[in-house]
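These protein sequences, in sequence, are chains A and B.
Here the numbering used here = 1-based position in the first sequence + 1.
Here the numbering used here = 1-based position in the second sequence + 5.
Rather than coming from a laboratory, the hints here were simulated on the basis of the structure.
If you're wondering where the values come from, they're calculated on a predicted model, not measured in any experiment.
Glycine included, C-beta positions come from ideal geometry on N, C-alpha and C.
Be aware that one or more of the hints could be misleading.
What the hints assert, rightly or not - BS3-like mimics (lysine-lysine), calculated; alpha carbons at most 30 Å apart, straight line:
#1 A/4 to B/62
#2 B/107 to A/71
#3 B/14 to A/71
#4 B/107 to A/74
#5 B/62 to A/74
#6 A/17 to A/74
#7 A/4 to A/71
#8 B/14 to B/107
#9 B/62 to B/107
#10 B/107 to A/17
#11 A/71 to A/17
#12 A/4 to A/74
#13 B/14 to B/62
#14 B/107 to A/4
Unchecked claim - Short derived list, chain A residues pointing at chain B, Cβ under 8 Å:
#15 69
#16 71
#17 105
#18 107
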Amino acid sequence: AQKITQTQPGMFVQEKEAVTLDCTYDTSDPSYGLFWYKQPSSGEMIFLIYQGSYDQQNATEGRYSLNFQKARKSANLVISASQLGDSAMYFCAMREGSGGTSYGKLTFGQGTILTVHP
Amino acid sequence: DSGVTQTPKHLITATGQRVTLRCSPRSGDLSVYWYQQSLDQGLQFLIQYYNGEERAKGNILERFSAQQFPDLHSELNLSSLELGDSALYFCASSFRDRGDEKLFFGSGTQLSVL
């Protein structure tokens with residue numbers, strides 16, 4: 002079974018509108034971390050936001066927020082007030098377990114290409 | 006800028022050859038993680054080093070090896086290269102602060118095997 006599933010290969014949004022990128026995960030470990038990364042056409046991987054499995058509140062980082070629904074095992078990324086520069090590939094990723102000193106060992110989804118229209 | 010430095014940015018080589026990819030983690034980070042991004046496999050974890058020791062292994066081929074040196078920079082060695090090894094190879098280093106975890110990626114090395 003896929004550990005991280007991103008069901009939207011591509012998404013379109015109008016500039017200044019909000020958009021939600023879906024991510025569901027599968028793990029039996031009670032301790033895990035969820036990440037979102039942005040990969041523009043230039044290729045670099047840019048960290049956006051992190052949510053720990055024990056965090057009571059949804060994570061927020063500027064225009065990014067993570068809609069964490071633990072019972073549904075979903076961790077959707079919400080981008081508010083989309084900008085043209087948000088056009089990129091977005092990856093959801095998971096770290097299983099507390100990680101110890103290997104908390105950077107992540108499993109990635111297949112990604113969603115977001116296109117922001119002016 | 007993530008603070009993680011990877012060289013070279015691009016590498017073109019032929020099948021059967023051997024190449025070395027280099028990574029310097031962010032200042033103070035002891036861990037280095039190597040990832041491979043290919044069209045068919047997506048982003049996959051290869052291997053992790055922590056303060057000079059191998060700490061975790063993923064889907065790394067036997068033809069590939071890595072090491073981390075005392076100054077904490079790391080090298081990923083790819084040998085007997087095949088066409089299917091063409092991919093974007095990322096190095097990352099990790100930061101944990103009061104439960105907040107971040108993994109910072111370098112800009113990657115694009116390997117083309119011809």
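For each hint, the structure was consulted:
no.	hint	result
1	A/4 to B/62	18 Å, holds
2	B/107 to A/71	20 Å, holds
3	B/14 to A/71	39 Å, violated
4	B/107 to A/74	21 Å, holds
5	B/62 to A/74	26 Å, holds
6	A/17 to A/74	28 Å, holds
7	A/4 to A/71	15 Å, holds
8	B/14 to B/107	23 Å, holds
9	B/62 to B/107	20 Å, holds
10	B/107 to A/17	28 Å, holds
11	A/71 to A/17	29 Å, holds
12	A/4 to A/74	11 Å, holds
13	B/14 to B/62	24 Å, holds
14	B/107 to A/4	20 Å, holds
15	69	15 Å, violated
16	71	16 Å, violated
17	105	4 Å, holds
18	107	6 Å, holds
Violation of the numbered hints given earlier is confined to hints 3, 15, 16; the remaining hints are satisfied by the structure.
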